[in-house]
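S.K.: Between the sequences and the hints, there should be enough to build the whole structure, so can you do that?
2 protein chains.
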Amino acid sequence: MAGGARSEDRRSVAQKLFAIAEALEGGRRLTLSEVARRAGLPLSTTHRLLAEWTEWGGVERGDDGRYSVGLRMWRLGVRQPTARRLSVLARPYLDDLLEATGEHVHLAVRDGLGATYLERLSGRDPVTVISGVGAKLPLHATGVGLVLLAFAPSDVLEAVLAAGPVKYQPETLTTEPELRAQLAEIRATGLSRSVNALTPGAFSIAAPVLGHTGQVVAAVSIVARTDRMDEPQFAFGVRMAARGISSALGWHST
Amino acid sequence: MAGGARSEDRRSVAQKLFAIAEALEGGRRLTLSEVARRAGLPLSTTHRLLAEWTEWGGVERGDDGRYSVGLRMWRLGVRQPTARRLSVLARPYLDDLLEATGEHVHLAVRDGLGATYLERLSGRDPVTVISGVGAKLPLHATGVGLVLLAFAPSDVLEAVLAAGPVKYQPETLTTEPELRAQLAEIRATGLSRSVNALTPGAFSIAAPVLGHTGQVVAAVSIVARTDRMDEPQFAFGVRMAARGISSALGWHST
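Just so you know, the sequences run in chain order A and B.
Each residue of the first sequence is one higher than the one before, counting from 0 in numbering that gives the first Met the number 0.
Each residue of the second sequence is one higher than the one before, counting from 0 in numbering that gives the first Met the number 0.
Because the hints were derived from the structure by calculation, they are not lab data.
Ideal Cβ positions, reconstructed from N, Cα and C, are used throughout, including at glycine.
It cannot be assumed that every hint is accurate.
[As the list claims (entries may be wrong)] Covered by chain A, per the in silico footprint, the following chain B stretches (three or more residues, Cβ under 8 Å):
| id | segment |
| --- | --- |
| 1 | 11-18 |
| 2 | 43-54 |
| 3 | 63-73 |
| 4 | 76-89 |
| 5 | 105-113 |
M.R.: Shown next, in the form of structure tokens:
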């Protein structure tokens, strides 16, 4: 509950402002007290900082008094260099992959210990997946995440293990030996094939996207119902899409 | 210049943080001193506040030490309810309009005294226009902006006039009688036909998009070289697209 006897809040003004923005990250429109509760701030502080956010335009207040992310935040966000460039360049390849397979197509980048989804195209008769555009999902539990983890600096895996990877399904790999073996296979084959650890009954094939210097900058995947997964064909399609996007980013295989 | 003998900066911490974000709005990667100069803040303050932004993820610092908008801002921005929903619903209609005409297709919403571009699809042999996705352009000087202004509350026109509308080209309407006459015509015909005031040699046809309660929530336009503007055909196309998007938003004409 908000406004309780909170002994001391050592957060800086900036951190409190960011906590308010995070409260709105889910995309729902929230009341003042909902924002306060989620941000862990007293109503008075929340009200004052929301007023600063709304004056600037980073937050909007609707006619019903509820708050949501504002257009100014959207305008800033679309200027994010990686997301913007990748989305624009990748879109035709992702469209082709969707057209060829009719299954879910995802593009994600690593964002700390998570995979952030830049694009998510829906298949015709899709399995239910929870990865909307802008969602951030755990690296160890998604096909794109495993690819990004496989090619990340080694301290990223260590941080994932230290954080205690959640076992979402019986098939989710969470121990160090399991994960190390899986990541080695991804590096060897350039492809991740896995039961989708977040979505029961879904299978995922993912491949890395390379930037112009050859580093892995993103991952592309198909997610399909296990019984519909045509593995050789989908693997070929994912590889082709990843290669096309990599070329568009300026990567040349030698 | 940054760090000069600044007598007193009465901005709140929040306002200083926002000034730093705004410095990055152009999308270029900036050095610390460039951010400080644009935000009008001393280097020390800029450094400290940039550290808070980057720790949260709203700003990113590249390997070269330059700053840009961070993935977290992008992730928040895509949760902006209006932009997200409008873009997704409008996209097929905008694609059709591009396919049918081969010219620039724009979708914009009113954002204070500006028109913010949610979508901008490029024509095959386009005129040069400056309206990228996320750009915010003056209401009185763009086709979409004039439509949005025509259907905005009357105090918006008053604020535009009070701000002193800029005459970008000889054809740009800037006086109160000119603008009032133009806006009345737009309201009467449901269509704006104008020389694009920001782009020499370009012509714009724009129409309003209605939300489920019948209020104008966005505008869609075609921008084409004046000598290629097929006015009846393009007006038909813009109307069709605007009507399609309105229906997708839940509006029903009676």
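S.K.: Now tell me, hint by hint, if it's right for this structure.
M.R.: Comparing the hints with the structure gives:
Counting residues of the segment 11-18 of chain B whose CB falls under 8 Å from any CB of chain A gives 6; the rule of at least 3 is met. By the rule of at least three residues with a Cβ nearer than 8 Å to a Cβ of chain A, the coverage given for the segment 43-54 of chain B holds, with 3 such residues. Judged by the Cβ-Cβ criterion of 8 Å, the segment 63-73 of chain B is covered by chain A as claimed, because 7 of its residues qualify and three suffice. Remark: the segment 76-89 of chain B is confirmed as covered by chain A, as 8 of its residues place a Cβ nearer than 8 Å to a Cβ of that chain, reaching the required three.
With a cut-off of 8 Å between beta carbons, the segment 105-113 of chain B has 3 residues touching chain A; three or more are needed, and the interface restraint holds.
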